[in-house]
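Undergrad: All chains, please: the whole structure from these sequences, using the hints.
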Amino acid sequence: MASLRRRAGEGKSQQRMLYFCIVAKGDVPIFEVQLGGHAGGSAGGSGGKGAAGAGSGGGGLQQKEDLVQFILHAALDGVEHKVWTTTSMYLKTVDKFNDLLVSAFATAGHVKMLLLHDHRVDEGHIKAFFHDVHEHYLKVLMNPFYEKNSAITSPVFEERVHSLARRLT
Amino acid sequence: QPEFFSVRTMAQTKTLIRQGDRAFEKVDKINAELFTMSYGALVTQLLKDSNGDCDAVNQQLDSIGYKIGVRLIDEFIAKSSAPACRNFTDTAEVIAKVGFRMFLGVTATVQGWQEDGRQYSLILDENPLNQFVELPEKYKGLWYSNVLVGVVKGALEQVMFKVDCKFERDALRGDDSTELKVTLQEVLRENMENFD
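First to last, the sequence lines map onto chains A and B. Numbering-wise, the numbering used here comes out as the position in the first sequence, counting from 1, plus 1469. Numbering-wise, the numbering used here comes out as the position in the second sequence, counting from 1, plus 505.
Among the clues, some could well be false.
The list that follows gives simulated cross-link-like pairs (lysine-lysine, BS3-like), each with its CA atoms no further than 25 Å apart [said to hold, decoys possible]:
#1 K519(B) <-> K531(B)
#2 K1561(A) <-> K1494(A)
#3 K645(B) <-> K1608(A)
#4 K686(B) <-> K645(B)
#5 K1617(A) <-> K553(B)
#6 K643(B) <-> K1617(A)
#7 K1596(A) <-> K1565(A)
#8 K1533(A) <-> K1561(A)
#9 K534(B) <-> K519(B)
#10 K1608(A) <-> K1561(A)
#11 K1617(A) <-> K1596(A)
#12 K643(B) <-> K1608(A)
#13 K534(B) <-> K1608(A)
#14 K671(B) <-> K645(B)
#15 K584(B) <-> K531(B)
#16 K553(B) <-> K1608(A)
#17 K1617(A) <-> K1494(A)
#18 K1617(A) <-> K645(B)
#19 K1561(A) <-> K1596(A)
#20 K1608(A) <-> K1494(A)
#21 K1551(A) <-> K1617(A)
Read the hints as simulated data drawn from the structure, not as lab findings.
TA: Below is the structure:
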């Protein structure tokens, strides 16, 4: 916790904005996590993000969390548009917000993965990241106890996403 | 290990493993994922039907396994050409190396023989039934692969060994391995009373 506060105090340039979420059909988020520097990010379903934000340094970070939600939701329009223009699942950049980019990946089952990042992340890495997460997502789908379009709560999955994300930073 | 078990040498076990591989080659195969998903669908449906009652579902899987086992044994004897078992101890290795291999594609290890030779454990390192499965907290009373318990009971009963079989540990529950305990209850005699 102390280290997180220290990070919040540092200059903006140090903060790695890297936010990943999976959105199911009907624009329902089923997995959200903050990657990169802030290891204690929010995870799983909608609703708990405010609490995580409050834990790591007060109002400022919470506003950011809300903003991220807003950006990603807006990006979904961009995804809908791009999805019909290409046969590949990787959609590259679908939206921009100030200096942040949103890259997307859409599966045949209309499950969308969104990554909010800055321009410093390499495209090749993002593509590989999406494909690897997709593979792990397929394994979650194979679990007979997992209901499609419900929140992904598997700790194994979350851990894998975090470890894959390390390649992005 | 009890005295009589020393008769089962490494060479004999290796022969059974080879036999198991041969039997596996001979039988028809099915796509593993289809098999896994079918079983998963069965278990989740049973859970839904019983409103999450794990004990009831364990029982049902046992019964289903039993019905499979009484039929499976004939298939096994016909297709596997495994050597005839002389006693209960022989059945253990045959089940583990030939039976499991033929029908599940994986071999089990026999361990933990009791002094009286009436109880042993089958250790499964791999279980195709639980590929990709993660057991939610609310179902931790469930023995997910309990059908195997019924199969062993049903099959052995047809060859005149009445056994009790149950899961001791399951990797799905967080244990370090999957273990089935098999206990001989009685050796059945052919009931001649019904023959006129």
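Undergrad: Give a verdict on every hint.
TA: Hints, one by one, checked against the model:
1. K519(B) <-> K531(B): 19 Å, holds
2. K1561(A) <-> K1494(A): Measuring from Cα to Cα gives roughly 20 Å; hence the hint holds.
3. K645(B) <-> K1608(A): Holds. K645(B) to K1608(A) sits at ~21 Å (cutoff 25 Å).
4. K686(B) <-> K645(B): Since the Cα atoms of K686(B) and K645(B) sit roughly 19 Å apart, the hinted pair holds (cutoff 25 Å).
5. K1617(A) <-> K553(B): 16 Å, holds
6. K643(B) <-> K1617(A): 18 Å, holds
7. K1596(A) <-> K1565(A): Distance ~18 Å between K1596(A) and K1565(A) Cα, so the pair holds.
8. K1533(A) <-> K1561(A): With a Cα-Cα distance of about 23 Å, the restraint between K1533(A) and K1561(A) holds, given a limit of 25 Å.
9. K534(B) <-> K519(B): Answer holds: K534(B) to K519(B) is near 23 Å, not above 25 Å.
10. K1608(A) <-> K1561(A): 24 Å, holds
11. K1617(A) <-> K1596(A): 24 Å, holds
12. K643(B) <-> K1608(A): 21 Å, holds
13. K534(B) <-> K1608(A): Distance of about 23 Å is within 25 Å: holds.
14. K671(B) <-> K645(B): Status holds; Cα separation ~16 Å.
15. K584(B) <-> K531(B): 8 Å, holds
16. K553(B) <-> K1608(A): With a Cα-Cα distance of about 22 Å, the restraint between K553(B) and K1608(A) holds, given a limit of 25 Å.
17. K1617(A) <-> K1494(A): With Cα atoms ~10 Å apart, K1617(A) and K1494(A) stay inside 25 Å; holds.
18. K1617(A) <-> K645(B): 21 Å, holds
19. K1561(A) <-> K1596(A): 8 Å, holds
20. K1608(A) <-> K1494(A): 18 Å, holds
21. K1551(A) <-> K1617(A): At roughly 24 Å apart (the allowed maximum being 25 Å), K1617(A) and K1551(A) satisfy the hint.
The structure agrees with every numbered hint stated previously.
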